[in-house]
Each structure stands twice: as structure tokens, then as C-alpha cells.
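Student: Chains as they are written, first to last, in the working numbering: chain A, 1 to 476; chain B, 1001 to 1212.
In short, the hints are calculated from the structure, not lab data. Some hints here could point you the wrong way.
So the derived list for chain A, only partly shown, Cβ under 10 angstroms to chain B, looks like this [unchecked claim]:
id, residue
1, Leu114
2, Ser171
3, Glu225
Some chain A residues near chain B, calculated using beta-carbon distances under 10 angstroms [claimed, not checked]:
id, residue
4, His113
5, Ala156
6, Gln179
7, Ala406
8, Thr407
9, Phe409
Virtual Cβ for every residue (Gly too), placed ideally from N, Cα, C.
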Amino acid sequence: MLIAVIVVPLFFATIVWLLPSHRMRSLMLPLGSGLQLILSILLICQPPIRNLAWIGLDDLARLVLLVTAVLFFACAVYGLDYLNLRVDRDNHIMVSCLLVFLSAMTLAVLSRHLGLLWVAVETTTIASAPLIYFNRNALSIEATWKYLLICSVGIALAMLGILFVGYASLSNGSEVSLQFDTLLAEAPHMAGPWLHAGFVFLLVGFGTKMGLAPLHTWKPDAYGEAPGLVGALLAGCLTSVAFLAILRGVQLMGAAGDLDMARHALLGMGLLSLTVAAIFVIRQTDIKRMLAFSSVEHMGILAIGVGIGGIATFGAMLHLINNALTKGSLFLAAGNIHRAHASKKMSGVHGAMARLPLSGGLFLAGFLAITGSPPFGPFLSEFTILRGVFAGEHYLIGALVLTLLATVFIGMGSTVLSVTQGKADPTLEDNGFRDRLLLVAPPLLLLLIVLMLGLYLPEPLSQLLRGAAALIEVQP
Amino acid sequence: MDHLSNFCLLAVVLINFYCLGSARLGACIQAVALQGALLALLPLTEHGLSGHTLFLALAALAMKGGFIPWMLFRAIREVRIKREVEPLIGYVPTLILGALTTVAAFIFADYLPLLPEHLGCLFIPVSLATLGTGFLLLITRRKAITQVLGYLMLENGIFIFGILLSEAMPLMVEAGVLLDLLVGVFVMGIVLNQINREFSSLNTERLSALRE
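With the hints as constraints, model all of the structure from the sequences given.
Tutor: If you want it as C-alpha cells, here you go:
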């Protein structure tokens, strides 16, 4: 079953190359990811199973697996209709790369071996590069090149970090293995300096992939030029997977008794991300780039949550779900708006709610959700993190975070309101694109889940979150 | 065997300098290929002959010394470029920077808390120096293809460090790492071609439409 959940999308990705018709190939997307979603849910609900040597499932993996599978399925349903709108573009590469991307992410989530984790994360980079280049124009090639080069170099540094961790356990004199459980068991006896250096490189490497400032430079370009569907997957799924990889490093540091050092590093990068996002989100005229900076902001919030620890870690786990699903919904809605107006700049989009009542409304509601307005889920999770900050008596950090959150709210608000409100500008060309069921239902559903999470947290989920937070909090 | 290892590692450092100072892309690709081939020898000289090391050596030789350079050569033939013109920083300054990086790597490695058996061995300083040179190439050159070479050199540096730990890396994972590198460079090659088609040039400074 553990293996099936990884192999199923790969299997569908190969089928794609055998199918003659465009529509049938698009159909493989929801089929493959739907089957993967069912398998994942079965796997998550199962009582703890015996881990294989290299892949296994702990609560952290369960959480990220759930988030990626749900969000990917929503995007796959959206993708079915989206690709059918664009029959002019060959979809062989798009569909198969999407499915390989899903498979690689699942492998990364389940891996219990740092080497395997690295291979899987690097595969996600390679599989997603062609997705960003879907529109085949000068801007998207530029974004793809930056993404590919910066992330590859970043991931290479993560490899160095993994090797450092290996060297740290080598100096213990025991048999070296990069198997994660073995490493956790050996962590207390590892050579400190090598482990610390290894963690820093892991943080820098996977932090590049996650988009923590100052390593976020590829993000606005890639998210801005990719189709909305790909933006949703990158901002929702991939960042969560990269965060999981960083958390593996945090777990190692925790097992070695150096949790505080890991926390300080995360806290610093988190605050920097939040600051950078708050600066660049103001006067941002491009809605997708604005969402990219919002993603940088939320990566910062996740890092701060884990950096503070205690109840804030629980908040960060909850925020991981909220951020992924809300960002997914926002990017899908932004994709619709982009399509209808043939523009994603403030100058070319006015009164989106008049032309696309549903997508425009979703975009506005998604904006309220992501900036932490009640009653949506992010409000609850950000509130929990802030509670942790103040409970830990970090008043200065708390005040700074609150100010920056307010700045982001105002900055995003002015762009979003100008785009959605008002009359549809008659001078703008109307290409006849209207809300369609399959292009609106997935983001709507995602936002409804986020709304539900804000009002009511189901007990099994809350248990899962506590379990995941406990894994990071372990002190020797 | 140690002599052979050290000889290879010194050759690797010389190739680093050659790449920093050379303007001809073809020669640079050949140099990086030679570097990859030399690295492929290291698992054998360091750990002796066994199934694992033999596989690693052959796979590294095929990928780093054969396949990847072949793809890069094809890429520059298709886009018809031969020289790196006007790097962001001139050749002499980059060479000096490269020399400083290498010296720093050797000094830094002396201060690292190494295991007794690794004290005074060349693996770690050369690994750091190659890493630094790769970064220098990435930062100072304008042509997209030289940036790929810089990335490859960075990977080579990490590979050298990895050899010290090759017992910790299962065969499957090593294969995965090399395969990822291969496919990564393959995709980069395709992107290079598209950049050339779109901008009729491989200068990355043309890639500057996206900014704040």
C-alpha cells in the first residue's frame, strides 16, 4: 500500500503516452490523482503500520500526505476542464509531468531515508520545470530558467547538508547510515559541529525550495508565469513538502538536544520572510506575483510557528493545511480571472466580480481567508501561533508579526479590491470566458474546507496535528 | 592508492582554474567532463574494488564523463555558440577570486573537526574548493550554458565529499542521485534551446523582464 500510493500516479503518467486523444489524456489527471487520494486516505486512517526500511508513515508524513493528496485532486479536476479549454496546446508533457510530480512528492513525504528524500525532492524540481513553461513564451522561459537553476543549486546544497549529517554520525564511530530512524537514534552521540552545519545547509537547501526569504527570488517569477493550476500546486503542495524536509532536520536537531539552535534559525528566517513579503506585497500590480509574496509570507509564519515552539508548533501544523488549501483556491480563482481578462495586471483587470461572479467572489473570499480574517481557518492557526508567541513572552516578536500581518492585509487588500470590485470595464476586451462548473467547484470546495477548519476542527484531525507537533517537540 | 587519489584531486583543482580562465565553451565542457571522469576513479582508489564502488565509478564515469558532456556539446552545436564573451567579471579577477577561494578552502578544512583518518587528506579541501569554484562560475558568467557548467562543478564538489560517505549511501540512492543530475541537465539543455529560440541569444541578462 505504501508503495502503491507512490506508483499509481507513475502508472497513469506512462498511460498518458499511449492515449491518442487530447481529452482522454486530460482525463488521466483526475483518475490518477483520485485513485491516489483514495489510497492516501485509506493509508492515513489505518492504524500504524510497520514501516519498510526506506519508506514509512509517521504523523508528520500523514499530515502532509493528506494535504498534498486533497489539493492535488482538486487541481486535477480543475485541470481536466482547463486542458480541454486549451486543446491548441499538446498536453502529453503537461499531464505526465503533473503525475510524475505527484508521485515524487508522495515519495518525498513517505521517505525515511535522507538520500531518498533528496532524490524525490530533486525529482519534483525537474518534473515541475516543464509545467511552468506551459505557456511557451519569453516570460515563462525566463521564469523556468530561474526556477530550475536556483532550485537545483539550492537542492545541491541540501545534499551537502545531508552528507554533513552523515559525517556527523561517522565521527561517532558507528556504522554510517542515512536511514532516518537510525539517525534519530544516533543523534545524541553525533559530532555537534557537523550536525549543526548539516542542519544549516538543509535549511538553506530546502528553504530555497520552500521559498523562505532571502532564498525566495525565483518564487514571484515562477508563480507569476505558471498557469494558475501549476501555481496552486507549487504554492500549496510543494512548499509543504519542502517544509516537511526542513522539519526532518529539526527532528534530528531535537533528538541531538539542539532544538533551540534550530528554532532560532527558523525564527530568524521566518521574520525575514514576513518582512520581505510585507515590503513587496504593497503596490504589487500583478495578482499572481502578489500571491507569490503572500506565499513567502506564509512560509515565514510556518517557520515562526515552529521556531517559537509549544502551542505555536501546533498552530504551524494547522497553518500548513490552511495555507495550502487557501493558496490553492486563490491560485485557481486567479487563473480564471487571468483567463477571462487575458491579463493579470491591475491595469487590465477591473470588476472581476461583475464578469465572473463566482471566481471573483472566491478570489475576494480567499484574500480574506489568507490574511487571517475570521471565521476562516488561517485566522485560527495564526491566532494559535500568536498565542504561542505571547505565552513565550516574546512580546517584541509578537508586535512585529502583528504589524507585518496588518501591512500585508492592507497591501493585498488594495490590489484585490481594485481587481474584484467595481463595474466590468467595457473598454476591456471580452473574450467570452465565463465561470464554468469544473473551473469553479474545486476552488470553492477548497475554500469551504478552510471555512470549516475555522469553525470546527474534527477530533481525528486535531489528534493528527498534535501527533505531528509532538514529533518536532521531542527533547532527548 | 593514496597517491593516486591525491593526484586525481590535484588534477581536479587544476581543472577548476582552467575553467575559470578559459573563454572557449567547448574546452570548458571537455574540462568538466575530464573532471567528472577523474572523480569516477576516486571511489575505487579510496575504498578499493567492490561491487558497490565499481558500480559507482562506472555510473559516474558514464554520466559525468560521457553522457552529460555529450548533451552539452549537442546543445552548443544547436545554438551555435563557441565563446563566452564579456563575463560579468573579467578572467583575471575571477582567477584571483578562484585562487583565494581555494586557499580559503584549504585553510578552513584544517580547522574542521575531522576524524583522525581524514586529517591531512585532500578530499575535504578539494571538495570545498570545487564547490566554491562552481559558485564563482554560476555568479560571474552570462551565458546560460556556463551556468550549467558551474552547477555541474558544484555537484562535482559535493560528489567528492560524498565519496567519504559512500558506505552510507545505498546503491539505489546513488543511482537516483546520478539519474536526477542527468535528467536535470537534460531539461536544462532543452530550456537552453528554448531560450535561444526565444531571444536569439543565450545571454542570461536578456532574462530580466521579470523583476520588481
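Student: It remains to establish, for every hint, whether it holds in the given structure.
Tutor: Do the hints match the structure? See the list:
With 10 angstroms as the threshold, the beta carbon of Leu114/A comes within range of chain B, its nearest partner Cβ sitting at about 9 angstroms, so the hint holds. Restraint check, Ser171/A versus chain B: the minimum CB separation of about 5 angstroms is within 10 angstroms; hint holds. Interface restraint check for Glu225/A: the shortest CB-CB distance to chain B comes to about 7 angstroms, inside 10 angstroms, so the restraint holds. Given hint, His113/A at the interface with chain B, holds; its Cβ is 7 angstroms from that chain's nearest Cβ, closer than 10 angstroms.
With a least beta-carbon distance of about 5 angstroms to chain B, the hint placing Ala156/A at the interface is held under the 10 angstroms criterion. The restraint placing Gln179/A at the interface with chain B holds, with a minimum CB-CB distance near 9 angstroms, inside the 10 angstroms limit. Because the beta carbon of Ala406/A sits about 22 angstroms from the nearest beta carbon in chain B, more than 10 angstroms, this interface hint is broken. Restraint check, Thr407/A versus chain B: the minimum CB separation of about 16 angstroms is more than 10 angstroms; hint violated.
At about 20 angstroms, the closest approach between the beta carbon of Phe409/A and any beta carbon in chain B exceeds 10 angstroms, and the interface hint on this residue is violated.
Violated hints for the displayed structure, listed by number in ascending order: 7, 8 and 9.
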